[in-house]
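Asker: The hints should help you fit chain L onto chain F, whose structure is shown.
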Amino acid sequence: MKPAANRRVLPREYACVLATALPLQALLRSEPDLAGLPLAVMAGEGTRAVLVHASRGALALGAVPGMTPAQARSVAPSVVLRHVAPAVVEAARQALVDAALAFSPDVEPRDADAVVLDTRGTRGRYPTPEALGCALEAACARASLRVRIGIARGPRLARIAARARPGVTVLPPGGEAEAAADLPIAALDPSPALADTLAHLGLCTLGDLARIDQRGLGIRLGPEGMDRHRLARGIDESVITPLPPSESFEEAVELEWTLDSVEPLIFLLSAALDRVSARLQDRGMVPRALRLELVLDPDGTHAVPVSPQAPTGDLRSLLALVRLAIEADPPPHPVRGFVLRADGGRVAGGQGHLFGPPVTPPSRLAILVGRLGALAGPNDVGAPVVLDGAGADPTSLAPFAPRALPEIRSPCPTLPGGKGQTAPPLALRRFRPPLEVAVRLRAGRPADVRGDGPSGVVTRAAGPWYAEARWWTETPEAGACWDIEIPGHGLYRLWHELGTGRWFVDGQYD
Amino acid sequence: MEFVAAKKDFASALMKASGIPEAKNLSSVMANLLLESVGEQTVRLTAQSYEVTLVTTFAAQVVDGGRMALSGRSLVDAARMLPEAPVRLRSTPNHWADLSAGRTEYRVPGIIPENMPEAQEPQTSLEVRLPRDLLVEMVDRVSFAQSVDEGRPNLNGIFVKVAPQGDAARIEAVATDGHRLSRMVRTVESAGLTEPVAAILHRKGVTELKRFLDDETGLVTVGFQRNAVVFRVPTGFLLVRQIELEYPDYNRVIPTESRWRFQMDRAELQSAVNRASVVISSDKTPLVRFKLDSGRLQIMAQDPERGDAHSEIDLGYEGEPLEVSYNHKYLQDALKALPGASVVMSVKDQSSATLLSSVDDDGLLQLIMPVRI
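Respectively, the protein sequence lines represent chains F and L. If you're matching positions, the first sequence starts at 1 in our numbering and goes up one per residue. If you're matching positions, the second sequence starts at 1001 in our numbering and goes up one per residue.
The following block holds chain F by itself, in its conformation from the complex:
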């Protein structure tokens, strides 16, 4: 390790990314169709509801924050008033964090609408702070967020710069006080008491405050006044507490109306999936598992888990899987919103085999398994696994994960007297559930089988082979297997439950 004296110390630099009117932006992000309409976002319920954010169109019509819905409608009848679900705002906030994480590993959310990131060491890629700010703006625009950027030597100064004016505002190192001198005192976010005091003193801008002699300031303005005075003079030695990186991403949509069919839901899910996938992509990941939580009308939720065979960034495949999962387990009531959570993972691929069958891309395989699951039930698709024990059903299903065919295959046995002809391998095709039949015995051996399955006279029978399944449990199952031939039907395996005396056709030899 190099001695500390030889190390180059990078100058402090922080950027604040501020998404003004975040709830309004979050709403537009989740419902892009609302763009261009005079739109206002409300907070509070019933008579306490007031407008908190309004779009330019709504403002132009006279609907301004602070109005009640009735007041807004009276001045602007065409204004669209909406509540925004907390999950929708949170998704937008997370998107803001993700956009910042593409520039720096050290990102701290500040307040409800901003993030601050440590941008030391970015000069190699962005030659000026302005270039960095523009890149940040562009990254947020890709996440459907309009932001203001402030860049300064300290995180709090960066936040002040971001709040000061639209676009990118840079407070140059050493010239912060001059650059911020004309900003209003409100940019320092003072408490109401301090704001009153400063107004009484006739201090309107940061420059006014910075010019006051700091001696005796503590007695007159208290610790908060001292702190704001230092900020006004361009002194900010605070640091940020970086957010631990998350590998789970969330997008939410809440609707004013309800959805009764799958198609419009899929349309909205497509946009949400696109957004969540883009956020994952920024972190070098693709969706590994999706969890869809449908918000039902009038209340309740319906969870739809979607697990691709392997992490994939193929949106069409993912959307197809989501559709299949919903079709396999449709919501019991109309849907009025959803939360889509995606866990990130690395791109996984199927390594091709020279001597095996062609490898199916995991995303396509997942769709196939999903389709089969929709047809047969999600719990009835998989790879059969033989369990320990015996009995009528000593098998289970495991997730289907194809493997290459083994390179070495045993040669087929030669048919007796077949002059070199080989016998094909005999396979038992098991019936699930086993078919219950009535069996008539002659001399203790099956002689006649009747039932819904194969029926007829048994010409040959081999057995019995006794087996006891689950002998280690309180309820062991003892039984006997028989292989029988029914002319005109074929070869079958019978299972005789010794405890109950019932007979089942377990499978057919192909």
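I should point out that these hints are in silico values taken from the structure, not numbers from a laboratory.
Straight-line alpha carbon distances no greater than 20 Å define the calculated SDA-like cross-link-like pairs of lysine to any residue that follow:
| no. | chain 1 | residue 1 | chain 2 | residue 2 |
| --- | --- | --- | --- | --- |
| 1 | L | K1336 | L | S1358 |
| 2 | L | K1329 | F | H353 |
| 3 | L | K1007 | L | D1214 |
| 4 | L | K1348 | F | P357 |
| 5 | L | K1329 | L | G1307 |
| 6 | L | K1161 | L | N1251 |
| 7 | L | K1348 | F | V359 |
| 8 | L | K1204 | L | R1226 |
| 9 | L | K1348 | F | H353 |
| 10 | L | K1008 | L | V1233 |
| 11 | L | K1329 | L | S1277 |
| 12 | L | K1348 | L | R1252 |
| 13 | L | K1348 | F | T360 |
| 14 | L | K1161 | L | F1144 |
| 15 | L | K1348 | F | F355 |
| 16 | L | K1161 | L | R1129 |
| 17 | L | K1007 | L | R1073 |
| 18 | L | K1291 | L | G1319 |
| 19 | L | K1336 | L | D1133 |
| 20 | L | K1204 | L | M1015 |
| 21 | L | K1291 | F | D314 |
Model, not experiment: these values are computed from the prediction.
Answerer: Same frame as chain F, now just chain L:
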């Protein structure tokens, strides 16, 4: 038994045998090396394992004739550390041995030499004379593709096929692990072969073969037994067990046509793949993505923890775009094994093997199966 040998000769012979004795079970007789005097000027060294038998000789002044069986690991480790001085090895009554060189001494454990299995002089009816350099090249250019998966024992080695062509012989060496394949074809004049022969050399023997041929020059006589292949040089022989299984029909997986074919500088491609591999976690899917457009090839890799990598190579390619992914290790190995300044990649489709060949050497080809994502 007692002898004195030059350190270089002694160490060289031991290095040839270093990989053969049993390394895990040291109580096995196969963990020992057998040293026997042959006249007054030569000592014969024998090392045996289930797959490989090595017999080599080195010059020594035999003071007291006889034989001794000493711990292979101890002897090899000690020989590596000996100073540059004549080496003296003398057996002690308990079948151990005193090893000394200059002012350094070791006591090496041993066993009763009669307990060691005899290494018979192998008899071979079918023989071919091959240049030593060709055999070394075969190991260097082909062996990396052998499978180490014990579940596919027929792929655990190099498949060698030798066929007479008049006075000459055509040698074909192939190794594959099921995901990639390396093939080398060479023709040797005056090889002295009378009928075609083929064998799968066990991978342990392949490793030992290169070590065995380290100091050799000239021709090596390769003899074929029913279940083994013998490599003879004037100082001894190396017997490698054959894998007595059927090798897969590799010719059917070598594509004969391609939809995309592009040529580029091998070193440039190798560097680009190496650069991309920096961000690939070794324990995860080691994917490197190729994106081919008109005039350029982009090589990319991505990992959530280690970042992204992107390189571009200019190509004289004007055709359809292509996106395909590979295991970066397979690419690196294949490019390293190809000779010449330029490499040609031929791709039939994303689910068939990609063929890498050298412009300068049509006897070599590498196949890599893409990764489907």
